[in-house]
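Visitor: Spelled out from the first residue to the last, the chains are:
There are 2 protein chains.
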Amino acid sequence: MSKVRPALLRGFDQEYLPREQLQFNALVDLIRRNFELFGFLPLETPSAEREEVLTSKSGIEKEIYAITRLAADPGEEVVTKGAMRFDLTVPLARYVAMRERELAFPFRRYQIQRVWRGETPQARKGRFREFYQCDIDIVGREKLSYLAEAEIPSVIYSIFREMRIGAFRIRINNRKVLRGLIARFGVAEEKAAAVLRTLDKIDKEEAARLLDDLAREGVGTATAKELYTLMSGKRSTDETLQLLAGLAPGNPVLAAGLEESRRIVGAIRDFGVPDSAFAMDLGIVRGLDYYTGTIYETTLVDYPDVGSICSGGRYDDLAGYFTDTKLPGVGISIGLTRLFAKLREAGLLQPPPRTPAEVLIVTMEGQEFRRYLEMARALRGAGVNTEIYLEPAKLKKQLEYAEKKGFRVALIAGEAEFAAGKVQLKNMATRTAADCAAGDLVEAVKRLLR
Amino acid sequence: MSKVRPALLRGFDQEYLPREQLQFNALVDLIRRNFELFGFLPLETPSAEREEVLTSKSGIEKEIYAITRLAADPGEEVVTKGAMRFDLTVPLARYVAMRERELAFPFRRYQIQRVWRGETPQARKGRFREFYQCDIDIVGREKLSYLAEAEIPSVIYSIFREMRIGAFRIRINNRKVLRGLIARFGVAEEKAAAVLRTLDKIDKEEAARLLDDLAREGVGTATAKELYTLMSGKRSTDETLQLLAGLAPGNPVLAAGLEESRRIVGAIRDFGVPDSAFAMDLGIVRGLDYYTGTIYETTLVDYPDVGSICSGGRYDDLAGYFTDTKLPGVGISIGLTRLFAKLREAGLLQPPPRTPAEVLIVTMEGQEFRRYLEMARALRGAGVNTEIYLEPAKLKKQLEYAEKKGFRVALIAGEAEFAAGKVQLKNMATRTAADCAAGDLVEAVKRLLR
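Protein chains in written order, with this note's numbering: chain F, 1 to 450; chain A, 1 to 450.
Chain F with its partners taken away, still in its complex shape (with noise of 0.2 Å):
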């Protein structure tokens, strides 16, 4: 028979060896548990949806796979088109104008799924097709208090401590100051957009190529360089803070921004972010129109190449393409596939804390298998995992197995251990070996595997 060649599709490229599969299944785990400890309920929505739902939302067609059927019976007419999401946030007010009345209000939801973009695949920048985004919103309902908005920082501080990825910082500005700001540079109002678009690559592009395009789009040289260097620099929240309230005198949005900031730079630090790990930072703009207030990008101290890791941000409607009813929230996005390639990358990633190879049974021809089953039913009953070796196959292929596909403990009996009613327990890390009462055989196994 002629072959089928096993390959995988461009850009759906990301699959994982099972031990690669448990350490992204353990960063998984660790997100929701957190999402879960804040409050936050879970939601997963179907993988395509109408095409005007996904639509409603312009700008991304080219992005957008629809699917269709492979072959199509004869005559069949499609009465509504499909297209697979391209992000957790189009659904989420899809979702929320569909059940208004049946949620409770702030609506706090996660979400962790696949999402599809038709983009040009990277590998090296971790930019795929299909990729993970985990998403956590709070969705009020005709208002949203600023604490909300104080409250995502402690809940991205709270998940990348416990992934101990090196030292990381919640960056946040606000879309008021930003506003404000460029109105202060002699910005028009209508060129502002295609101006913050410009300035979101602050930290990904060249400054003279940064100057040059703000040129085009009539920033004059000066202003432009002015801008680039507020922007650009660093400095602590506090000082950022002063350098604004110097600033603000007679421009109303940039007073009202700072207020804001204030406020809620404030709260950030009643719910407990330290300052060495979060900072407002004037360089953070977020391309999208459609956040109003304090908006968020997340990066690592040592790896600043990986870019953000985690971005979000306030808005003020969340499905106006959907329902009258206004929806402020607030919301943040890890982009996980890519967090992973580049924690891999760096060599950042922590063993599996928890893999499903915890006891291997070695079986010995000529023994009643039995015994062996026994033994895996008292393991399993303790909640341990096990396996038992289903092949006839020699001890050395067995250990190889074992060895292979990471099981931390063997377990050995053959003959003589049933006689003597032990059993061999082999730790696989250290490569030694005890007999244990076969009665003890729970006890001695949970104490090598802690």
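Honestly, the hints are just simulated from the structure, not real lab data.
C-beta: ideal position from N, C-alpha, C; glycine also.
Any given hint could be a false lead.
[Unchecked claim] Computed footprint of chain A on chain F; a stretch qualifies when at least three of its residues, placed anywhere within it, have a C-beta under 8 Å from a C-beta of chain A:
#1 38–46
#2 79–85
#3 147–153
Assemble the complex: chain F is given as a structure, and chain A must be docked to it using the hints.
Guide: Quick look at chain A alone, frame taken from chain F:
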């Protein structure tokens, strides 16, 4: 602004309210824990695969969804077409063929992911276009012991016993027994596959209709009736084995199937599955030609209409389309989305055992917010899921929110409580309240949650 109707795509409409999502997640967690207890390793594969990989298994083109960008760039050429996976077996085959040298065999993997099929959705039957499958497979290289076939029912037994969804029965049969039987009834070899596909409907279709179908396939009326009686009869496992022993002489295929079945039935009992939970049943057929040994279906004793909730079988060659390496294996699949819909309909779902909504800290205006934050930090530090009500609102409204979201405990502290160094703990289930000293808060809450 004109609104888009917030609605779901037909067949892509299994989306839950938070409480249901918690129940669903509890089932996923239970299944995952049991899979790991038996030493299966996790695997996730990309949602989309190369079209040629998926269509290597023929006859399912109509059910496969292709993906294409909604708006392509002008002149853009799609180099490799992609499509959504319709099961977890083809991706497993592709995975094992790709990574043969890196995996430890027998390769035991579990996979809990969504699949997509362009079938006609029937919500009443729990049939959707997007649904979860929970699969395990044990894949050998060149060989696989019959013990793997015997172990599978012990995994299923462990899962459904823990799920507490009433009595269930794992029904097994053997492909060689089936082939031997229909040969004995004079069905020609080349008609065997079609006849077996018809007999696969024995649980679902009326006898008269089934007999008609068999007649159309050229099976004589008397033979068809005999076959029907034999296969639809309800017998104990030992009665079935006895019956086959009477039919086997002179029929080498049946004799081989009987021998295999005897061995496997004995081993299933050794693996600890009681006869009340499994039975050999000649009416189990499984349409796929792919299976070569034991086949499995699992049904709820008191809800036969639900149909099979867990099916699978032994196959001789997993990845023949991709590699020359012979990869015999055995696997089963739980169609979780359908099972969940059916359990909900039958009222068999347990309340969610675990909820992120454990403690709500009610907040009062005029109090120092930091005090609420301190309580939250202490509780979260002890692993208690805790939410602080962040909006300014009356006590009544906050308690209504606690009620609606399903919180188990509300903490109430205002001026009087803070002055006295106390906190009021409200048990939301019993609607009773008691004070505790601020210093004993964590312990008091944990007691309430137990």
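Visitor: Could you work out which of the previously given hints the structure breaks and list their numbers from low to high?
Guide: Of the numbered hints, all hold.
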